[in-house]
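*Asks:* Each protein sequence line maps, in turn, to chains L and Z.
The numbering used here puts the first residue of the first sequence at 163, with every later residue one more than the last.
The numbering used here puts the first residue of the second sequence at 163, with every later residue one more than the last.
Note that these hints are calculated values from the structure, not bench results.
Predicted, not measured: the structure shown is a model, and the values here were computed from it.
The beta carbon of each residue, even a glycine, is placed where N, CA and C say it ideally should be.
Honestly, I wouldn't trust all of these hints.
Listing some non-contacts, in silico: residues in chain L with all C-beta distances to chain Z over 10 Å [said to hold, decoys possible]:
#: 1; residue: Phe173
#: 2; residue: Pro187
#: 3; residue: Glu197
#: 4; residue: Leu259
#: 5; residue: Leu271
#: 6; residue: Arg275
#: 7; residue: Asp294
Only pairs whose alpha carbons sit at most 25 Å apart, straight line, appear in this in silico DMTMM-like list of lysine to aspartate or glutamate [to be verified]:
#: 8; chain 1: L; residue 1: Lys166; chain 2: Z; residue 2: Asp206
#: 9; chain 1: L; residue 1: Lys279; chain 2: Z; residue 2: Asp301
#: 10; chain 1: Z; residue 1: Lys166; chain 2: L; residue 2: Glu197
#: 11; chain 1: Z; residue 1: Lys279; chain 2: L; residue 2: Glu297
#: 12; chain 1: Z; residue 1: Lys277; chain 2: L; residue 2: Glu251
#: 13; chain 1: L; residue 1: Lys279; chain 2: L; residue 2: Glu171
#: 14; chain 1: L; residue 1: Lys277; chain 2: Z; residue 2: Glu297
#: 15; chain 1: Z; residue 1: Lys166; chain 2: L; residue 2: Glu207
#: 16; chain 1: Z; residue 1: Lys277; chain 2: L; residue 2: Glu197
#: 17; chain 1: Z; residue 1: Lys273; chain 2: L; residue 2: Asp301
#: 18; chain 1: L; residue 1: Lys277; chain 2: L; residue 2: Glu303
#: 19; chain 1: L; residue 1: Lys166; chain 2: Z; residue 2: Glu208
#: 20; chain 1: Z; residue 1: Lys279; chain 2: L; residue 2: Asp206
2 protein chains.
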Amino acid sequence: MAEKRWAFEDFQEGQVFQLPRRHVPADEIIEFASEFDAQPMHMDEEAGRASLLGGLAASGWHTCAVFMRMMFDGFLRDSTSQGSPGLNELRWRRPVLAGDTLSGHSTVLSKRRLKSKPDVGLVTFRHVVANDRGETVLDAENPIFFRLREPEGSQ
Amino acid sequence: MAEKRWAFEDFQEGQVFQLPRRHVPADEIIEFASEFDAQPMHMDEEAGRASLLGGLAASGWHTCAVFMRMMFDGFLRDSTSQGSPGLNELRWRRPVLAGDTLSGHSTVLSKRRLKSKPDVGLVTFRHVVANDRGETVLDAENPIFFRLREPEGSQ
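One chain only, chain L, in its complex shape:
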């Protein structure tokens, strides 16, 4: 396996990863909703306007999936990531409306090695995703497992 850029040892508290921007068109919102979350405000512009969300808006889970793609392209793709045990908190602060372009960053809050698996550590991130009007649409605190590059040599 090719050497990965980001192993557990490479993350430092306070480090910030800028994530690539991603456009969310209406047809992708409707496609995701049709499969997973066919509530009217995720399927139809008029129903969206009549809802609390104020327009055709992405399912919150679609926003999460788009954010995941941004994080994958941003740094996880070239990392030793082994997945995540969950989210300590996640807030959908505002709806993602059809045609929005999202940007985001992930900040390292803390890191620790696992006692049970000496070759794995947990890095906890704070993720923030914003729309092109500068409004936060999602934030979350999220631990992710990474393999160590040199389990024997590092502390």
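Put chain Z on the given structure of chain L with help from the hints.
*Replies:* Coordinates of chain Z only, in the frame set by chain L:
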């Protein structure tokens, strides 16, 4: 708009909604991952076996999306849902492996009306999703907004 079965007034603390079962085949895992989370353990059986997850495993976000579909089919489809502000906590307890069939239930923890919007209330659920070996794969605490049926008449 047709009358919905589940408006804010209809939820009671302790109420349990059983969700329909849902199969998660390998091709759907790979399709979701290709679009949103192309980490090797979500794309390839061999890479999955070499990872902490132990086999070709759904992205945690895919598990969330499948759960959302189960909840939509279970009761949200026929409700006054207006979306959700987020998750107080979410845990991916075990990987969802290719071929697993998921079941789940949502329990009402609490409910309250919004001061800022008299026609809307917030119902907080505890969701639990399990595989066909009886193991919990996901649990989460999740508030959801619902419109009231009769904002004037109810407390």
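*Asks:* Hints numbered earlier in the text: which of these fail when held up against the supplied structure?
*Replies:* Those not satisfied are hints 3, 16.
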